[in-house]
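Participant: Residue strings, one per chain:
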Amino acid sequence: MNPAAALRLPGIRLGLIGGASLVLLSLIGMVEAFNQREIVTDVISMGQTLLLLTAVFIAYLAAKHEQARGRGRVFAAGIAAGLIMAGMLALLVLLGHSINMRQVFINASPVLFQTLVFQQEEIWTGIVLLLAAGALIGLSAALLCLQPHWLRRVITTGLCSVAVVGLLQDLIAPIFAAWGPLADLVDLIFPGNGVSIPGAVGLLVVVAALSAAWSFKGQAVQDRIRALPPKSRRGLNFAALLAGALVLLILPQALGLFLSEVMTIVGLYILLGLGLNIVVGFAGLLDLGYVAFFAIGSYTVAILTSPELGFFDWNFWQALPLAVLFGVMAGVILGVPVLKMRGDYLAIATLGFGEIIRIMVLSDFLRPWLGGAQGIGKIPKAEVAGFEFATPQEIYYLILAGCFLVGFISWRLRDSRLGRAWMAVREDEDVAQAMGINLVATKLLAFATGAGFSALSGAIFATKLGSVYPHSFNVMISINILCVIIVGGMGSMPGVAVGALALVGLPELLREFADYRLLVYGAALVAMMLLKPEGLWPEATRQRELHEKEPTAAAAALADGPAEPRA
Amino acid sequence: MLQRIRERMNPTDIVMWAIGAVLLVMIIWGSAATLVKGVYSTHHWIDFIVFGLAQGSVYALIAMGYTMVYGVLRMINFAHSEVFMSGPYTAYYFAAYFYRSGLLESHPVISMVLVFVISMATSTLIAYLLELIAYRPLRGAPRLVPLITAIGASFFLQYVFRGLYGSGFQAYPVVKALEGHMMVGPVRILKFQILVIVAAAFLMIALYQFTQRTRLGKALRSVSEDKEASALMGIDVDRMISMTFMIGGAAAGAAGVLYAIMFKQVHFFMGFIPGIKAFTAAVLGGIGNIPGAMLGGIFLGLVESVGPSLFLDGLGIVAPYQLKDAIAFTMLVLVLIFRPTGILGERLAVKKA
Numbered sequence: 004m005n006p007a008a009a010l011r012l013p014g015i016r017l018g019l020i021g022g023a024s025l026v027l028l029s030l031i032g033m034v035e036a037f038n039q040r041e042i043v044t045d046v047i048s049m050g051q052t053l054l055l056l057t058a059v060f061i062a063y064l065a066a067k068h069e070q071a072r073g074r075g076r077v078f079a080a081g082i083a084a085g086l087i088m089a090g091m092l093a094l095l096v097l098l099g100h101s102i103n104m105r106q107v108f109i110n111a112s113p114v115l116f117q118t119l120v121f122q123q124e125e126i127w128t129g130i131v132l133l134l135a136a137g138a139l140i141g142l143s144a145a146l147l148c149l150q151p152h153w154l155r156r157v158i159t160t161g162l163c164s165v166a167v168v169g170l171l172q173d174l175i176a177p178i179f180a181a182w183g184p185l186a187d188l189v190d191l192i193f194p195g196n197g198v199s200i201p202g203a204v205g206l207l208v209v210v211a212a213l214s215a216a217w218s219f220k221g222q223a224v225q226d227r228i229r230a231l232p233p234k235s236r237r238g239l240n241f242a243a244l245l246a247g248a249l250v251l252l253i254l255p256q257a258l259g260l261f262l263s264e265v266m267t268i269v270g271l272y273i274l275l276g277l278g279l280n281i282v283v284g285f286a287g288l289l290d291l292g293y294v295a296f297f298a299i300g301s302y303t304v305a306i307l308t309s310p311e312l313g314f315f316d317w318n319f320w321q322a323l324p325l326a327v328l329f330g331v332m333a334g335v336i337l338g339v340p341v342l343k344m345r346g347d348y349l350a351i352a353t354l355g356f357g358e359i360i361r362i363m364v365l366s367d368f369l370r371p372w373l374g375g376a377q378g379i380g381k382i383p384k385a386e387v388a389g390f391e392f393a394t395p396q397e398i399y400y401l402i403l404a405g406c407f408l409v410g411f412i413s414w415r416l417r418d419s420r421l422g423r424a425w426m427a428v429r430e431d432e433d434v435a436q437a438m439g440i441n442l443v444a445t446k447l448l449a450f451a452t453g454a455g456f457s458a459l460s461g462a463i464f465a466t467k468l469g470s471v472y473p474h475s476f477n478v479m480i481s482i483n484i485l486c487v488i489i490v491g492g493m494g495s496m497p498g499v500a501v502g503a504l505a506l507v508g509l510p511e512l513l514r515e516f517a518d519y520r521l522l523v524y525g526a527a528l529v530a531m532m533l534l535k536p537e538g539l540w541p542e543a544t545r546q547r548e549l550h551e552k553e554p555t556a557a558a559a560a561l562a563d564g565p566a567e568p569r570a
Numbered sequence: 009m010l011q012r013i014r015e016r017m018n019p020t021d022i023v024m025w026a027i028g029a030v031l032l033v034m035i036i037w038g039s040a041a042t043l044v045k046g047v048y049s050t051h052h053w054i055d056f057i058v059f060g061l062a063q064g065s066v067y068a069l070i071a072m073g074y075t076m077v078y079g080v081l082r083m084i085n086f087a088h089s090e091v092f093m094s095g096p097y098t099a100y101y102f103a104a105y106f107y108r109s110g111l112l113e114s115h116p117v118i119s120m121v122l123v124f125v126i127s128m129a130t131s132t133l134i135a136y137l138l139e140l141i142a143y144r145p146l147r148g149a150p151r152l153v154p155l156i157t158a159i160g161a162s163f164f165l166q167y168v169f170r171g172l173y174g175s176g177f178q179a180y181p182v183v184k185a186l187e188g189h190m191m192v193g194p195v196r197i198l199k200f201q202i203l204v205i206v207a208a209a210f211l212m213i214a215l216y217q218f219t220q221r222t223r224l225g226k227a228l229r230s231v232s233e234d235k236e237a238s239a240l241m242g243i244d245v246d247r248m249i250s251m252t253f254m255i256g257g258a259a260a261g262a263a264g265v266l267y268a269i270m271f272k273q274v275h276f277f278m279g280f281i282p283g284i285k286a287f288t289a290a291v292l293g294g295i296g297n298i299p300g301a302m303l304g305g306i307f308l309g310l311v312e313s314v315g316p317s318l319f320l321d322g323l324g325i326v327a328p329y330q331l332k333d334a335i336a337f338t339m340l341v342l343v344l345i346f347r348p349t350g351i352l353g354e355r356l357a358v359k360k361a
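Sequence lines, in order, name chains A and B. The first sequence begins at 4 in my numbering and counts up one residue at a time. The second sequence begins at 9 in my numbering and counts up one residue at a time.
What the hints contain is simulated information worked out from the structure, not anything from laboratory work. Where hints are given, some of them may not hold.
[Said to hold, decoys possible] Mimicking EDC-like on lysine to aspartate or glutamate, the simulated pairs with C-alpha atoms at most 20 Å apart in a straight line are:
| hint | chain 1 | residue 1 | chain 2 | residue 2 |
| --- | --- | --- | --- | --- |
| 1 | A | K343 | A | D433 |
| 2 | B | K199 | B | E187 |
| 3 | B | K272 | B | D21 |
| 4 | B | K199 | B | D21 |
| 5 | B | K332 | A | D433 |
| 6 | A | K343 | B | D21 |
Values in this document were obtained by computation on a predicted structure and should not be read as measured data.
All chains, full assembly: derive it from the sequences and hints.
Facilitator: This is the structure we're talking about:
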């Protein structure tokens with residue numbers, strides 16, 4: 004067979020692609036960095052899990068491609084893909100053993116190669132093991148591919164839950180360890196670093212059983228809830244909401260100091276995300292200079308309250324309305340010039356604005372007023388009747404209140420006349436204008452509202468940190484917020500929370516992640532756009548738009564009234 | 009007369025023109041004050057101008073990639089700044105090797121050519137893969153989708169290179185042959201600046217001739233004019249789009265080495281600021297227009313180099329050089345507002361953007 008024809012076989016093509024990704028993952032240091040954390044104690048580490056999941060996924064894709072052409076082809080494709088991937092890693096190991104690659108690739112360390120060959124002393128034994136593992140992965144992926152749909156779901160859910168529990172051990176263990184009767188169970192499942200073997204098996208069985216039960220009975224349960232009379236359905240919704248609110252209120256007490264700090268950061272991103280959601284998600288104006296308003300809010304509070312500059316000596320609550328007002332004004336001022344721009348031009352112009360503001364704040368020229376590179380310190384904490392919001396657990400409530408306020412406003416705005424005008428502008432500016440929508444006012448209101456929310460968030464940020472520096476307001480923040488709302492689902496408010504938890508909360512918990520955070524963000528943006536442009540928790544209308552192929556489902560959703568958006 | 013003006017202008021236009029007028033007054037006032045004060049001698053100004061030319065020609069080379077891709081796909085290839093970074097960063101390891109082995113000293117021309125070739129090849133490869141993986145599946149998607157993909161790809165590439173090569177600054181080896189000054193007529197110019205200007209000019213002319221004269225270049229231009237008609241004429245549109253990315257990538261790779269020669273260091277984040285500035289240059293000259301990108305790049309380089317001293321010093325601003333990026337970004341925003349079609353702009357920017 005000639006090479007071109009061989010490349011067209013899915014097993015070989017995907018194997019090569021997968022092998023390249025595995026080599027890249029190893030060389031950029033992710034495997035080694037993630038190796039500190041065990042997923043299942045003494046069995047598999049997080050770095051190995053990363054490689055394994057990628058390899059299984061690729062081999063599964065290869066097998067899936069051949070599904071229509073018989074069992075033999077499925078097995079051949081899966082095993083070929085697995086072997087090729089393992090082979091490419093083996094080549095990397097051999098290369099690393101014969102020459103010193105570290106002068107160029109700083110992460111090509113002996114530790115990495117040792118991990119790749121399963122800690123074997125003898126390199127050739129390790130390579131044979133590696134190839135065997137590759138073949139095994141291919142085989143199991145092919146087997147998985149041949150199972151009926153429900154069984155496949157049960158197996159993958161079970162395995163993924165073990166991985167997730169192992170990944171989040173630092174989050175889960177302390178919460179449950181505080182509850183007396185559960186402490187023993189927690190000790191059993193998490194003996195130290197990672198999930199214990201009996202714990203992993205138990206978890207696998209329980210989750211698999213639950214998943215199996217759901218796949219047979221889940222539809223019936225859903226139907227029963229749907230069949231309830233509207234009154235009790237509303238009651239059920241209300242009870243769920245109440246329970247949710249209660250959990251949010253007692254959360255910092257259950258989470259402890261570190262996790263509350265994480266929650267405050269997530270909360271700030273939710274606030275920012277809700278604001279940007281109005282500009283990008285509702286009105287469709289891609290704003291990359293969003294961090295500028297965050298900075299304006301922070302600096303307003305800092306200048307008005309900090310005794311370091313000594314211009315004013317206000318308290319936080321006096322400064323807050325002014326910060327929001329300045330944010331709104333800045334939104335209008337920056338909004339006017341870019342009114343006529345669309346799409347990419349708007350994105351670049353706003354990016355330019357954001358950078359101009361940062362450079363101005365950083366410059367020596369404005370230093371007497373804005374503190375230059377040293378920033379402004381000694382910002383007082385917020386205070387209500389003698390109670391000071393100082394620790395993360397207390398600031399959490401401040402941010403929670405902000406989130407509720409902003410969430411409520413944007414929820415009401417979305418369903419208002421203005422909200423519908425924003426969406427019309429997002430869908431088609433010209434048509435919206437022809438329908439009598441005042442483009443200038445609509446767009447400016449979107450910029451102003453988003454900027455106001457951002458400034459509010461910035462004000463809280465300033466009092467949380469106690470100091471502001473120009474370096475906290477670089478373009479990365481804008482990109483992070485954009486990622487949050489895109490991964491969550493543009494225009495979807497629960498999506499913002501999901502996106503913030505996944506993209507901001509998770510990396511804070513997994514400290515090894517820090518160096519790869521933006522890499523994962525970038526990959527997530529590309530992957531979301533290629534595979535699931537509507538986001539993890541999409542807005543109902545947007546999901547309908549992007550999946551117009553299923554008119555029956557859309558019609559059913561319409562008939563049901565505003566259906567609950569499902570992830 | 010007044011009636012007619014009032015009818016034609018709406019409030020936002022008036023605000024815009026007022027902002028423009030204020031900036032213009034500031035520029036004129038500042039320049040006049042600086043020139044009257046006479047802090048800088050003629051020598052200083054010549055140095056500023058030559059530096060601006062060198063920097064501007066690098067911007068112009070990067071801007072090629074933006075402008076050509078925009079011409080074909082009507083999208084901003086946000087990740088082009090990473091295409092620009094990848095080349096010189098990879099070539100750095102070869103340059104350092106040549107330096108250690110003494111080749112750079114004994115055969116400076118050969119080793120520099122090799123460094124250029126490696127850098128261009130890497131950037132071309134990255135640009136090709138970028139188009140293949142990230143952009144090709146998204147043809148015909150809503151406008152916001154490829155733009156967001158491009159932003160994602162940009163950060164992904166940045167941090168992949170950070171993971172591969174580390175997060176430190178790497179000092180580019182110094183080429184002995186490019187040290188020191190040279191007299192061009194009565195003017196004293198740093199040697200490496202001459203190399204940068206000459207190399208960039210040569211590449212730009214070559215590129216321009218390529219798109220104007222060769223069959224392939226004509227195919228490229230026809231695709232940017234009308235994709236469907238080109239396909240009907242038997243042009244493989246996908247291949248031409250790929251080619252556009254690769255040519256832009258090669259230009260960026262060459263620009264990257266020139267940039268590294270000028271600033272003597274490489275870093276995984278080095279692409280971001282030059283990338284935005286090159287985009288500014290492309291918009292300035294009229295995006296989609298190759299000679300426009302050259303003109304825009306050189307103009308931007310000059311303004312950035314001369315501007316802080318000329319406009320801001322006279323206004324009594326401390327350390328005006330810190331604000332040179334702000335000048336570039338202000339120019340970007342102003343051009344986008346007042347003349348989105350650029351200096352040599354065709355009318356497509358308004359119609360299709």
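Participant: Give a verdict on every hint.
Facilitator: These are the hints, each one checked on the structure:
With a C-alpha separation of about 12 Å, the suggested pairing of K343(A) with D433(A) holds against the 20 Å cut-off. Taking the CA atoms of K199(B) and E187(B), the gap is about 6 Å. The hint holds against a cut of 20 Å. Between K272(B) and D21(B) the CA atoms are separated by roughly 45 Å; this puts the pair beyond 20 Å, and the hint is violated. For a cut-off of 20 Å, the pair hint linking K199(B) to D21(B) is broken: about 47 Å separates their Cα positions.
This hinted pair does not check out: K332(B) and D433(A) have alpha carbons roughly 38 Å apart, beyond 20 Å. Restraint check for K343(A) and D21(B): the C-alpha separation of about 10 Å stays at or below 20 Å, so the hint holds.
Checked against the numbered hints above, the structure violates hints 3, 4, 5; every other hint is satisfied.
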